[in-house]
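Could you build all of it, start to finish, from the sequences and the hints given here?
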Amino acid sequence: FRFKIEPKDELENIRFKIQQLEHQHFPKVIEGLVKKMK
Numbered sequence: 001f002r003f004k005i006e007p008k009d010e011l012e013n014i015r016f017k018i019q020q021l022e023h024q025h026f027p028k029v030i031e032g033l034v035k036k037m038k
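Just so we're aligned, residue 1 is where the sequence shown starts under my numbering, counting upward by one.
By construction, these hints were calculated from the structure, which means they are not laboratory data.
Beta carbons are placed, not taken as given, at the ideal position from N, Cα and C, and that holds for glycine.
For lysine-lysine, the following DSS-like pairs were computed, each having C-alpha atoms within a straight-line distance of at most 27 Å:
hint : residue 1 : residue 2
1    : Lys28     : Lys38
2    : Lys17     : Lys28
3    : Lys4      : Lys17
Computed spacing ranges between beta-carbons, pair by pair:
hint : residue 1 : residue 2 : range
4    : Lys36     : Arg15     : 27 to 35 Å
5    : Ile18     : Lys38     : 27 to 35 Å
6    : Pro7      : Met37     : 38 to 46 Å
7    : Leu33     : Glu10     : 31 to 39 Å
8    : Val34     : Glu12     : 32 to 40 Å
Written out as structure tokens, the structure is:
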């Protein structure tokens, strides 16, 4: 790495990525649960 990442920025980055993943996967998880219940 040429640029240095501050630990706080790193944490914010990770949180942001996790939120993005949740937004992408959450609807699919709910769909799966609904299909199993039927």
